[in-house]
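Trainee: Fit chain L to the known structure of chain G by using the hints.
Just so you know, the protein sequences line up as chains G and L, in that order. End of the first sequence sits at 365 in UniProt numbering; the numbers just go up one at a time, nothing left out. End of the second sequence sits at 365 in UniProt numbering; the numbers just go up one at a time, nothing left out.
Treat the hints with care, since some could be wrong.
[Stated by the list, open to error] Sample of chain L residues facing chain G (criterion: CB under 8 Å; computed from the structure):
#1 Pro4
#2 Ser8
#3 Pro11
#4 Gln13
#5 Phe29
#6 Ala30
#7 Met34
#8 Thr39
#9 His41
#10 Arg111
#11 Thr120
#12 Gln194
#13 Pro199
#14 Thr239
#15 Pro240
In short, the hints are calculated from the structure, not lab data. Every residue, glycine too, gets a C-beta built ideally from N, C-alpha and C.
There are 2 protein chains.
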Amino acid sequence: MVRPRNFSAGPAQMPEDVLLSAQAEFMDFAGTGMSVLETSHRSAAYRRVIDAAEASLREVMGIPDSYGVLFLQGGATLEFAGIPMNLMRRGRAGHIVSGHFAKVAAEEAARYGSAEILATSEPTGFDRIPDLPAPEAFAGMDYGYICQNNTIYGTMFHGLPDCGGTPLVADVSSCFLSFPLDVTDYGLLFAGAQKNAGPSGVCVLVVDRSLVEAGPALGVCPTYLDYSAQLAKGSMLNTPNTFGIYLCGKVFDWVRGTGGLEAMGERNAEKAALLYGAVDRSDLYRGCAVPSSRSVANVTFRLPTPELEREFVDRAAGQGLVGLAGHRLVGGIRASIYNAVGIDAVRDLVAFMESFELSVTGRSF
Amino acid sequence: MVRPRNFSAGPAQMPEDVLLSAQAEFMDFAGTGMSVLETSHRSAAYRRVIDAAEASLREVMGIPDSYGVLFLQGGATLEFAGIPMNLMRRGRAGHIVSGHFAKVAAEEAARYGSAEILATSEPTGFDRIPDLPAPEAFAGMDYGYICQNNTIYGTMFHGLPDCGGTPLVADVSSCFLSFPLDVTDYGLLFAGAQKNAGPSGVCVLVVDRSLVEAGPALGVCPTYLDYSAQLAKGSMLNTPNTFGIYLCGKVFDWVRGTGGLEAMGERNAEKAALLYGAVDRSDLYRGCAVPSSRSVANVTFRLPTPELEREFVDRAAGQGLVGLAGHRLVGGIRASIYNAVGIDAVRDLVAFMESFELSVTGRSF
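Chain G with its partners taken away, still in its complex shape:
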């Protein structure tokens, strides 16, 4: 069977080689004769899996020893609480609200301290990254907070805010491993794995150890969410999502073997340029994000009517192009073109967009 072109926003397409490798050893992992699913997290065989996954991620991202790496459960949503509970020592965070999940994160943080909205693009329907606050705006705060790529709206920060020395916390769920970045620009970054790093059920968190070594800022922090305790236990304070971490490790190895973040960044820029080029040349499709804020990971556009959008999604699915419906909060079309989505898939989508436009308007682009 031909694999569909999967443009889902997450859980999303995974590298075929990773899946085939996991399938091949599904019943006999590391010569144990058992599935990795059946292997104790305390076994030597599994210890090698989680250690190798962390080492591979450290190499891919260039993570220095002064940063810890955690593989947690509960998704980004649980970290929306975990972050203020760990970091809000002075009780203040500065949030930039560039989309739904940025807003939800700020609302969650406000339950644990003062989450001050320093900038928002909500008035324009989150069609852009808002103008960044001046560094002084972060003075006296525990951290500044951004959602670096806004999956729903298809926008992305193309430069980080200057927080004037205050640590920057970033939800990078949908742009994790999408391009090179300097980990030391962040105090903490975290990502739900189900977009670019692996399956759902794992949240990868990279944190400057100095921010958390004193233990959680708030006494109400559940032990599970105590980053210092989790770091001390190597993400094994309790049984982790063993299979999820195993698959993430394979994805990290795949990224390394495919040229690393430099190559990912070039490929993703090329894929995004193809798609945005089609949108811009078209008379039918209208991009949702202002061009200077466009995401390289999620390309969002609209057709003139919801009926046409449904027809677009349905006819695309009939041609093996799946997962193109926009998020239920906004509708429209969204093509998520994460690392595992190849340029051929994007070319197929552009060809479909051309033929669809021709069929609807009698013109193509």
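Mentor: Then chain L, alone, in the frame of chain G:
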């Protein structure tokens, strides 16, 4: 390759049929041409998976509509915080401390209210279930709390405490689906899946809706842990562990197809009787749990010296009997004989125990 006899305490052996089925459809799930790992949790195909998993569990356990079912992340450990945050409306819980995880749960609950220890077997090294408190001891409390099976020590409640109308909360991680039970005896029960229900990374929680419909007791409860919000969203407040739930559903179907909880209970009793019989007949092995508190899921025993115990574990592994080392807190030998461990595996273990005893003492039993 012959599958080892896997006596791990969790992640533990899974039914071979479940694994083979998952492997067979690993690259083409429900005719989508994609892996279930790549399938959006919002897709119709995945909706059917999670709905069927819940329906299957409801049938297996006889869960009435007045109880909700959740598939959460973070393991039992995260629920040690989630439970008091949701239920401690009056700020008091009555804990029976029968082992390490019962103690940890009480310590975590004490961070959110008054977690009163009504009974403990710590003075005797958790070798038994302590004498149960009188029903009046639970008066005025939000809930009574037990860990129904103590994985580390190999003990199990053979009758539930009478809480005199106060809801009973039970961590059933290592005896989940092991025998028939009446869900309405509990206000809430929960289980890390990695023993009897599926892979690690899923925590199944069954709760009397009336206890949580008013929302969390404590304002500091993270939204992720808000049971009422999770119930309203069908465990999809955010992206769940999609692959883990998919596998749990297959395990629930396997339990149903293998005779349900009645059959599981009979098989488990037979397996446990075989093993305890061997321990009791032997001069070399000494059971850890007092007989009236013995677990049907985890059989713990000791040899005269740690050196002999290491030799036992190593020689057993050489014969394909793996995962027999006791928990690092207590040492000794532990054979976890969950549902997926067949009676043949237990017979092989007993035969090995006989031959090991013969080789050490010159006598067998």
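Trainee: Give a verdict on every hint.
Mentor: Comparing the hints with the structure gives:
Against a cut-off of 8 Å between C-beta atoms, the interface hint on Pro4/L holds, since the closest Cβ of chain G lies about 5 Å away. Because the beta carbon of Ser8/L sits about 5 Å from the nearest beta carbon in chain G, less than 8 Å, this interface hint is met. Proximity of Pro11/L to chain G holds as hinted, the smallest CB-CB distance being about 6 Å (cut-off 8 Å). For Gln13/L, the suggested interface contact is upheld, since its CB lies about 5 Å from the closest CB of chain G, less than 8 Å.
At a threshold of 8 Å, the smallest CB-CB gap from Phe29/L to chain G is about 11 Å, leaving the interface hint violated. The criterion of a C-beta within 8 Å of any C-beta in chain G is not met by Ala30/L, whose closest approach is roughly 12 Å, and the hint is violated. The interface hint given for Met34/L is met, as the beta carbon of that residue sits about 6 Å from the closest beta carbon of chain G, less than 8 Å. Residue-level restraint check for Thr39/L holds (minimum Cβ-Cβ distance to chain G is 6 Å; threshold 8 Å).
Using the Cβ-Cβ criterion of 8 Å, the hint placing His41/L at the interface with chain G is satisfied: the shortest such distance is roughly 6 Å. For Arg111/L, the interface hint holds, since its Cβ comes within 8 Å of a Cβ in chain G; the closest pair sits about 7 Å apart. A least Cβ separation of about 20 Å between Thr120/L and chain G goes past the 8 Å threshold, and the interface hint is therefore violated. Interface restraint check: Gln194/L against chain G, minimum CB-CB distance 6 Å, threshold 8 Å, status holds.
Satisfaction of the interface hint for Pro199/L is found here, the shortest Cβ-Cβ separation to chain G being roughly 5 Å, below the 8 Å cut-off. Below 8 Å, beta-carbon pairs count as interface contacts, and Thr239/L has one with chain G at about 5 Å; its hint therefore holds. The beta carbon of Pro240/L is positioned within 8 Å of a beta carbon in chain G (closest approach about 7 Å), and the interface hint is therefore held.
The structure fails hints 5, 6 and 11 (numbered hints given earlier, in ascending order).
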